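Colleague: Sequence:
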Amino acid sequence: MRPATLNDIDNIVNAFAHDMRNGHFHETDLESLRKAIRSYIAEGKSGPAGREVPTFVYVYDAEGAFAACAVVRDLYRPKVDPVYPENTKELWMLSVIQGKRGKGYGTEFTRELIRQYSDYHLVACCKQASKRMAGILQTLRFVVIGKLRGSPGDTLLFFDISRVAVDLKKRLLELGSIV
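Just so you know, the sequence shown maps onto residues 315 to 493 in our numbering.
Worth flagging that the hints you see were computed from the coordinates, not collected in a lab. A couple of the hints might just be wrong.
Calculated cross-link-like contacts (lysine-lysine; reagent style DSS-like; alpha-carbon spacing at most 30 Å) [said to hold, decoys possible]:
{"#": "1", "residue 1": "Lys359", "residue 2": "Lys414"}
{"#": "2", "residue 1": "Lys417", "residue 2": "Lys441"}
{"#": "3", "residue 1": "Lys441", "residue 2": "Lys461"}
{"#": "4", "residue 1": "Lys484", "residue 2": "Lys461"}
{"#": "5", "residue 1": "Lys414", "residue 2": "Lys445"}
{"#": "6", "residue 1": "Lys445", "residue 2": "Lys484"}
{"#": "7", "residue 1": "Lys414", "residue 2": "Lys441"}
{"#": "8", "residue 1": "Lys349", "residue 2": "Lys359"}
{"#": "9", "residue 1": "Lys484", "residue 2": "Lys349"}
{"#": "10", "residue 1": "Lys483", "residue 2": "Lys445"}
{"#": "11", "residue 1": "Lys445", "residue 2": "Lys359"}
{"#": "12", "residue 1": "Lys445", "residue 2": "Lys417"}
{"#": "13", "residue 1": "Lys484", "residue 2": "Lys414"}
{"#": "14", "residue 1": "Lys445", "residue 2": "Lys461"}
{"#": "15", "residue 1": "Lys461", "residue 2": "Lys359"}
{"#": "16", "residue 1": "Lys359", "residue 2": "Lys483"}
{"#": "17", "residue 1": "Lys483", "residue 2": "Lys349"}
{"#": "18", "residue 1": "Lys461", "residue 2": "Lys483"}
{"#": "19", "residue 1": "Lys417", "residue 2": "Lys484"}
{"#": "20", "residue 1": "Lys417", "residue 2": "Lys461"}
{"#": "21", "residue 1": "Lys414", "residue 2": "Lys349"}
{"#": "22", "residue 1": "Lys441", "residue 2": "Lys483"}
Here the structure is a predicted model, which is why all the values come from computation and not from measurement.
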């Protein structure tokens, strides 16, 4: 695993664009995606002005070539809704390119991200089309917290470093954020 560079943008955009078309991410036009990825890499932040959060883009190479990419960012929610622990990062997007799927690269890449962020809770939201990714996350000790109320096909998962998942789930249910 390595930090992405501006030279990786085409591969990253192609990987995410393929998965967007297949329902794994919210869809956007390719130019907006390219601009966003460039910004995340060059500026290290994402989000609306005044609410930007640190954002990091990573690449996983396998067999000497680009195999996968991921975006990890500080979670917005603790800034506006302190229901999540303060030291929570969001595994926002992860994609393995088509020719490298089914070889364990996504699992190994996710393991490396967990090691990279070993002092943080990680949260991930998997869309209905990402059942395979949700399964990988669960095998790596992410806990299913629930389905998002506003997007019932989306599953919220949480990597719990200090056993707070039960309390988090209870608070999110009380707030009506999950069902």
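Colleague: Need the list of violated hint numbers for this structure, in ascending order.
Modeller: 9, 13, 17 and 19
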